[in-house]
Structures are given as structure tokens and as C-alpha cells.
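Visitor: Build the full structure now, drawing on both the sequences and the hints.
Here are the chains, one letter per residue:
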Amino acid sequence: MNVWLRRYAALVRSAWLVDLQYRAAIAIWMLWNVTEPAIALGIWWSIASQGAVQGFGRDDFARYFFGVALVNQLTLAWDAWYIDRWVRDGEMNFRLARPIGPVHEAIADNIAYKARTASVVLVVWMLVALAWPVVRLPFAPGRWALFALAVVLAAAIRFLNGYATGLLAFWTTRATALMELQFGISLFLSGRIAPLALLPPAVASVAGVLWFPYVLSFPVEVLTGGVVTPEQYVRGFLGQVCWLAVWWAAYRVVWRRGIRHYGAVGG
Amino acid sequence: MPAAIVAERLTKTYQVKVRDAGLGGAVRALVRPRYREVRAVEAISFQVERGEIVAFLGPNGAGKTTTLKMLTGLLYPTAGRAHVAGFTPWDGGSAFKRRIALVLGNKQQLLWDLPPEETFQLNQAIYAVPATEFQARRDELVALLDLAEVMDKPVRQLSLGERMKCELAAALLHRPEILFLDEPTLGLDVTAQEAVRGFLCAYRARHGATILLTSHYMADVTALASRVLIINRGRLLYDGALQALVARMAHTKRLELVLGDGVSREQLAAFGEVREFRFPNAVLEVPRDQATAASARLLASVPVVDLSIQDPALEDVIRRAFAEGTEGGA
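Protein sequences appear in the order of chains C and R.
Following the working numbering, the numbering of the first sequence begins with 1 at its first residue and continues without gaps.
Following the working numbering, the numbering of the second sequence begins with 1 at its first residue and continues without gaps.
Don't read these hints as lab results, they were simulated from the structure.
Treat each hint with caution, since some may be false.
To be verified - Stretches of chain R that chain C covers, calculated by requiring three or more beta carbons in the stretch to come under 8 angstroms of a beta carbon on chain C: (1) 103-110; (2) 273-282.
Stated by the list, open to error - Computed from the model, here is a short list of chain R residues facing chain C with C-beta under 10 angstroms: (3) Gly22; (4) Ala95; (5) Lys97; (6) Ile100; (7) Gln157; (8) Cys201; (9) Tyr203.
Just so you know, even glycine gets a beta-carbon here, dropped at the ideal spot from N, CA and C.
Guide: If you want it as C-alpha cells, here you go:
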């Protein structure tokens with residue numbers, strides 16, 4: 001087996017073994033991440049009781065927010081908080097002394113976490129779909145393949161966005177505050193609280209020039225049928241690729257400069 | 001054969017934000033931040049030959065750990081050059097990092113919630129150690145460090161000494177040529193300290209590894225290192241043999257006495273400076289070149305049951321070296 005495959009297999013295995021020690025904490029975290037779309041669904045379900053809202057009926061909202069719960073689990077990135085802690089308390093030091101960059105450990109952690117939590121969300125979705133036909137999705141392997149691609153790109157953008165922001169801890173103690181700010185903004189601009197089509201036009205146009213819609217709204221709409229035409233697909237994937245390139249470049253710049261600026265505090 | 005470690009005028013300066021005390025100071029720092037340049041390491045040069053064990057000594061904040069971090073590639077120097085195992089550490093990449101190990105006494109790389117075996121297996125993959133070699137090395141380290149009993153316990157349940165031994169084993173599975181150890185016996189009890197020292201000696205004898213260590217425990221220094229580097233305020237004050245440092249800095253000798261009946265403190269004061277007097281034990285300090293003569297006069301003049309002539313405690317010698325800023329070396 002290739003050296004890098006072995007490394008990733010070992011890193012993912014370790015991450016799973018560590019996660020198993022924190023089963024309750026992870027279950028609570030998962031529940032918290034599902035709570036937000038559940039609340040949003042509850043609100044829109046109630047609003048839509050009088051009829052469709054700009055073309056979105058109750059069933060559309062149900063499928064949309066089930067999609068949000070799944071995609072959010074698959075793209076969630078918390079690395080900024082870890083990097084901030086490692087830089088500030090010196091835990092980054094031994095990671096820098098190893099022959100692989102710290103980013104690989106973070107990628108493996110993400111794979112481990114997402115594979116497990118997303119599989120739980122999928123199983124729950126399937127169980128709910130048995131009892132509640134509204135959230136069933138039509139059998140469409142082509143669409144699912146495109147959804148998988150959109151999710152991988154979205155997860156990569158969100159990961160690099162979080163990682164590059166976290167690396168600002170080399171200069172500032174406020175890196176996590178910047179991440180919190182982005183998280184707050186993304187509530188509206190990524191489609192977490194409402195489908196982007198329902199946002200006021202001014203807000204939607206701001207969202208359109210940022211990366212937020214590409215990390216959540218676009219993959220969700222690929223899955224639930226909101227993206228239909230080839231132009232919509234091309235625009236969506238092109239946006240994802242562009243933002244992936246932007247955040248990858250940002251990560252490279254911040255990493256190269258940050259590592260030169262690093263003070264290696266503590267032991 | 002080239003030296004294992006070469007440092008040439010290695011320098012590291014930091015910009016440190018300065019802030020006056022109180023709320024006013026906090027607001028001023030926010031509006032108009034001020035910075036001060038701190039020279040953590042100032043143009044230090046030294047070499048460590050292959051297979052040598054060298055101790056890096058200095059008070060807290062002297063620049064030892066900063067130097068170690070530059071030599072392991074964690075920090076970029078502000079000026080100067082370094083070669084470690086033939087690489088420039090901060091540009092050496094993974095090929096360099098496979099040839100060194102860094103053990104930090106106050107930070108651990110072991111996976112806290114899992115048994116040490118899991119960290120060992122992770123390091124096997126990270127350092128790309130072939131399976132057969134890994135098993136042989138793992139068994140050797142477990143035997144040398146007496147770790148068989150703890151390999152299946154979660155790290156969080158191990159004692160500090162057991163954890164440090166596991167840290168060492170995890171750091172050595174890839175068989176590094178050069179070991180950088182920052183306070184490897186920090187906080188350990190005497191038995192665990194001795195186990196770690198014994199292991200390092202055995203490891204070096206068996207594999208010819210080069211070791212550069214920092215420690216505040218003089219017992220580490222005397223047991224392991226034949227050569228010391230003394231650093232204070234970022235400057236290298238001394239580079240040479242431990243015994244030469246003692247000879248240079250110890251201007252006095254200690255006469256440790258067990259006295260016969262009736263000897264008073266005042267009587268002893270005629271032969272040198274009385275450092276301790278707890279009858280029947282006493283310690284006299286006399287000029288180094290007069291130690292023999294003073295001992296002879298003492299034995300002839302007062303009843304003495306036992307007398308031994310000792311160098312001053314190493315801690316005192318080192319403290320004096322810091323204070324006097326000794327230049328050069330043996």
C-alpha cells in the first residue's frame with residue numbers, strides 16, 4: 001500500500017478510536033447540528049400552512065431542510081478552533097516536528113468524523129422516509145453522483161476556509177472570533193435558515209458573490225431538485241471550483257507566512 | 001565525517017507587544033500598539049559531533065528551547081545558519097524530520113485517551129517504518145524502558161514517569177540519528193529520572209545517536225553529558241567539558257568534616273569559611289589552591305573523625321557561570 005494511504009488509514013483509525021471515547025459528546029454535537037435545520041423546518045412548515053411561499057410548499061421545505069442537515073454534517077469544519085488552541089498552547093510544536101504537515105491530520109479527522117456522523121444522519125433520514133413519504137427522494141443515480149461531487153467540493157471549501165482562518169492564530173488571538181463571525185453570516189448567506197430563493201434580492205445578490213451558497217445551498221439543491229438546468233449546474237460547479245482555488249491559495253499563503261512568523265510558544 | 005549539529009551565529013528576535021498596566025494601558029495598546037524587540041538567541045555558534053551527548057544549560061528564558069526549536073525546524077531564525085544531519089532544519093522537509101526526534105517534557109504527542117500502542121502504530125505509518133523493523137524496534141524499546149505492563153493502558157491512566165518513557169519510545173521508533181530532548185525528566189521522581197537517564201545512555205551506546213538535551217536537573221547533566229553549553233540571555237557563555245567548567249568556575253573546595261568532641265564553630269573559622277555547622281558535621285570552604293594545606297593544618301590542630309575534599313555543588317558552579325558570564329570553553 002502506498003505510504004500516504006497507510007498514513008491516512010492510520011490517522012483515520014486513530015481519530016475513530018479517539019471519537020469512540022467521546023461517544024456521548026459526539027452524539028450531543030450531532031444532535032445540536034441537526035437541531036438548527038429542524039427548528040428552521042418547523043418555522044417554515046408553519047408559515048407554509050397557508051400555501052406555498054414563493055413556490056416552496058411544505059414538502060419542499062421538508063426535503064430542503066433534511067438536505068441541509070445532511071450536507072451540514074458532511075461539510076462542517078471545526079479546525080479553526082483546534083489550530084487556535086494548538087498554536088496558543090504549544091501543541092503545534094510536535095506536529096511541526098513530524099514528517100507530515102499538520103493539515104493531513106486535520107483532513108483525516110474530517111474524513112473520520114464526517115463518514116461516521118453523516119452515515120447516522122443518512123440512516124435516520126431513511127427511517128424517517130419510511131414513515132413520512134414527503135422526504136423520500138426519487139431514484140436518480142446521476143443526480144446523486146453530482147450531489148456527491150458537489151458535497152466533496154463544498155467540504156473542501158469549508159475545510160480550507162476554516163483551516164486558513166484558524167492559521168491566523170499565528171498572528172492574532174482572535175482567529176476563532178473571525179470564524180464565529182463567518183459562521184453567523186453563513187446562517188443567512190449559505191441557506192441554513194432559509195432557501196436562498198426566499199432571501200431579499202439584495203441579500204441574495206451579496207450571497208451570490210461569496211462562497212457561502214456553494215458550501216451548503218448548492219449541494220442541497222442538487223440533491224433535492226432545486227438545480228435543474230445545465231446552466232445552473234455549470235454555474236454552481238464553476239463557483240465551487242473558483243472558491244476552492246481561492247481558499248486553497250489563501251491557505252498556502254497563510255501557512256507559508258504563518259510558519260515563518262510562528263513563535264512556538266511553550267514546550 | 002561532518003558534525004551532527006552545526007549552528008553558526010544563530011539568532012532569533014521577537015517583536016513583543018508592550019502594554020502598560022491597567023485599563024488605560026489596555027486602551028492605549030489598542031489605539032497605538034507599541035512593540036519591543038526581544039533577542040531570544042543572539043548569534044550563538046557551536047557544533048555537536050556524531051554520537052555526542054551535550055547538555056544545554058541556562059536559567060528559564062535563557063534561549064535554550066528557542067535554539068532547540070530552530071535546530072528542529074520549528075522556528076525560522078532571524079539570522080544565522082544551521083546544519084543538522086546535513087540539512088538546513090527549517091528547509092529540510094520530511095527527509096530531515098525522519099532523521100531527528102524532538103521530545104518536549106511539558107508537551108506530549110501520545111494520544112491521551114488511547115493506549116501507547118496506538119500512538120506507536122500511528123507513528124509507524126507517519127514515519128513509514130516497515131512492519132518487520134517496527135516490530136523489532138518496538139519490542140526493543142518496550143524491553144529497554146520496561147513498558148510491557150503499560151502498553152494496553154490508556155495514556156491518561158499512566159503515571160508521569162510511565163508517560164515520559166512512552167513518549168521517548170514513540171519518538172524513537174523511526175530510529176532518529178539525532179535526539180533533541182527538552183527537559184525530558186521534568187517533574188519525574190528520582191526513580192523515573194534514573195530510568196530515563198539509563199535508557200538514554202543505553203540507546204546512545206547501542207545506536208550511536210547524537211543527543212542534545214536541556215535540563216534543570218544537574219543529575220541529568222552529570223549522568224549523561226560530557227560537554228555542556230551554557231546560555232544566558234540568548235548568549236552562549238560556555239562551550240566545553242563539564243570538568244573544565246568546574247575547574248574554571250570553582251575557585252574553592254569544600255572540606256566536609258565529621259568533628260571530634262569539643263570543636264567549636266569559632267575554632268573552624270580560623271581555617272576557612274564555615275558554610276555549615278551542625279555538630280558533629282561541618283562544611284568549610286577554602287581557596288582551591290589551599291585545600292590540601294588547610295586540610296593538613298586542620299587535622300593537626302583539631303580532633304577530626306573524618307574529612308573529605310569535594311568540588312562545590314554543580315548547581316553552584318553553574319549559577320556562578322551564569323552570573324559571571326564566562327566566555328569561551330575548554
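Visitor: All hints, please: hold or fail.
Guide: Evaluated hints:
1. 103-110: Three-residue rule met by the region 103-110 of chain R, so holds; n is 6.
2. 273-282: That given contact is violated, which follows from only 0 residues of the region 273-282 of chain R lying within Cβ reach (below 8 angstroms) of chain C.
3. Gly22: violated (20 angstroms)
4. Ala95: holds (8 angstroms)
5. Lys97: R:Lys97 check passes; min Cβ-Cβ to chain C is 4 angstroms, inside 10 angstroms.
6. Ile100: Nearest chain C Cβ about 7 angstroms off; hint holds.
7. Gln157: violated (12 angstroms)
8. Cys201: violated (23 angstroms)
9. Tyr203: Nearest chain C Cβ about 18 angstroms off; hint violated.
In summary, the numbered hints that this structure violates are 2, 3, 7, 8, 9.
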